[in-house]
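Top line first, the protein sequences correspond to chains A and B. The numbers in our numbering rise by one with no breaks, and the one at position 109 of the first sequence is 109. The numbers in our numbering rise by one with no breaks, and the one at position 7 of the second sequence is 7.
Errors might be hidden in some of the hints.
No farther apart than 25 Å at their CA atoms in a straight line, the calculated lysine to aspartate or glutamate pairs in the DMTMM-like style are these [as the list claims (entries may be wrong)]:
#, chain 1, residue 1, chain 2, residue 2
1, A, Lys65, A, Glu90
2, A, Lys65, B, Glu284
3, A, Lys65, B, Asp236
4, A, Lys65, B, Glu3
5, A, Lys65, B, Asp220
6, A, Lys65, B, Glu291
7, A, Lys65, A, Glu129
8, A, Lys65, A, Glu83
9, A, Lys65, B, Glu338
FYI, nobody ran anything at the bench for these hints, they're computed from the structure.
Residue-level listing of the chains:
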Amino acid sequence: MSETPEELHYAPSHEWARLEEDGTVTVGITDHAQDALGDIVYVELPDEEQQVEAGAEAGVVESVKAASDIYAPVTGVVIAANEVLEDAPERVNEDPYGDGWFFRIQPDDPGELEDLLDAAAYDEMCSEEE
Amino acid sequence: MTEPRRTPLYDEHLACGARVVPFAGWSMPLHYGSQIAEHHAVRQGVGMFDVSHMRVIDVAGAGATDFLRTVFAGDVASLARGRALYGVLLNDNAGIIDDAIVYRTDDGYRVVANAGTSERVRSWLVRHASDETHLHPRQDVAMLAVQGPRAIDCFHEATGLDASALPRFAFTWHEERMVARTGYTGEDGVEAIVPAEEAASLWRRLTEASATPAGLGARDTLRLEAGLNLHGHDMDESTPPTAVGLGWTVAWGEDDAPVRRFIGRDALERQRRPEQVLRGVVLEGRGVMREGFAVATERGEGVVTSGIFSPTLGYSIALARLPRGSKGACSVQVRSREVPGRIVRPPFLRSNK
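When you get a sec, could you build the whole thing from the sequences and use the hints?
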């Protein structure tokens with residue numbers, strides 16, 4: 001059974017978003033997503049200072065099985081990308097909500113997070129998909 | 001849609017934590033947690049695969065040899081008892097119906113074909129069999145592949161059977177159990193065909209001898225690193241063996257011998273040098289090549305037929321159908337990007353055998 005932390009926000013496209021104390025938003029993919037993808041072999045991240053839009057493509061994750069687009073859950077500017085993933089993409093499998101984060105956004109409007117799913121709604125969506 | 005069939009090892013897979021997926025009409029383990037860890041286990045130690053979905057057909061009767069010399073492009077006439085031959089079954093246009101291993105047994109032959117083509121192969125064989133040929137599809141057996149540098153020791157420890165003196169592509173019988181020095185990983189190892197009711201205990205004994213269960217995912221990355229074709233991807237009924245690197249499996253016969261009229265021969269004579277051939281591609285930038293990606297070469301366009309991220313090499317490798325004579329640099333359309341690549345001759349790894 002995959003893990004879905006209560007305090008995070010979830011996009012239907014399987015990204016999670018966490019509002020940090022400094023007002024930035026950290027983004028990664030969910031435990032459910034990494035489990036479905038299988039071993040991750042390659043991650044393509046957005047550049048720092050890149051403008052991203054909610055729901056638009058911001059990166060790619062490739063697993064042994066397939067390539068999947070990563071979508072930005074909120075609009076804003078990318079302020080950091082997790083470079084560790086360049087050489088250690090398996091961190092996404094090992095720790096999807098921790099070391100396996102993808103990028104951090106300075107959001108235009110943190111209120112956009114409320115448009116995302118909460119943990120219960122995301123879990124329900126995943127169970128319907130199965 | 002009918003429910004996928006289960007091999008005699010289905011419960012063992014679940015007990016080992018398998019992610020089970022439908023594959024060619026069977027419920028098969030894709031992986032048991034980490035496909036890459038399973039891949040490394042086979043390259044560095046020993047892994048085991050349930051390959052009971054493969055189709056085992058015994059061929060007997062006075063017409064068996066003539067029959068196989070007709071439907072198989074390799075020539076079984078020179079095959080000694082206890083030896084096996086890899087080759088292809090062709091249709092009338094010289095397209096590959098399947099690739100298979102034919103084992104010369106004491107009273108005939110055993111053919112092991114792919115799961116995905118199983119019905120097509122069975123009906124093709126039935127159609128061409130004479131009254132003096134008896135086909136016996138075996139539903140009562142299971143097949144396990146034990147592969148890796150430690151495979152022979154592990155199998156010995158688990159079963160008491162020592163295959164170390166067995167040459168490659170040779171096999172022996174231990175009562176009802178057949179043990180062959182064959183595989184699909186580029187590693188040393190054995191494939192054992194055993195009575196179905198013995199499969200679970202063999203699996204458990206191999207586990208105790210520290211064989212790592214490995215799934216279809218690792219099987220695919222291992223075979224591709226070894227440069228081995230997969231039917232339905234790198235070859236099919238539209239490709240002659242000469243276009244997919246399997247021309248060497250075709251026995252044309254000596255010039256002074258009577259011509260052997262195997263099915264597809266006439267069509268194949270006209271396709272000895274097809275315009276498209278199968279080559280290896282290694283990606284020199286980041287990304288993963290996948291089936292269907294376009295490859296641009298100096299001689300024109302080609303297409304990836306299987307592509308993976310190679311766990312052993314740490315970059316993406318692929319088999320691709322390319323214009324004859326292509327070599328050197330190429331460019332692969334990896335989704336929205338053009339990534340430089342290099343054309344090579346498979347295998348991608350030097351063999352450990």
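So, going through the hints one by one against the coordinates:
1. Lys65(A) x Glu90(A): holds (14 Å)
2. Lys65(A) x Glu284(B): holds (20 Å)
3. Lys65(A) x Asp236(B): Given pair Lys65(A), Asp236(B) holds - Cα atoms ~22 Å apart, limit 25 Å.
4. Lys65(A) x Glu3(B): OK: Lys65(A) and Glu3(B) at ~24 Å, within 25 Å.
5. Lys65(A) x Asp220(B): holds (11 Å)
6. Lys65(A) x Glu291(B): Since the Cα atoms of Lys65(A) and Glu291(B) sit roughly 11 Å apart, the hinted pair holds (cutoff 25 Å).
7. Lys65(A) x Glu129(A): The hint holds at about 18 Å.
8. Lys65(A) x Glu83(A): With Cα atoms ~22 Å apart, Lys65(A) and Glu83(A) stay inside 25 Å; holds.
9. Lys65(A) x Glu338(B): OK: Lys65(A) and Glu338(B) at ~21 Å, within 25 Å.
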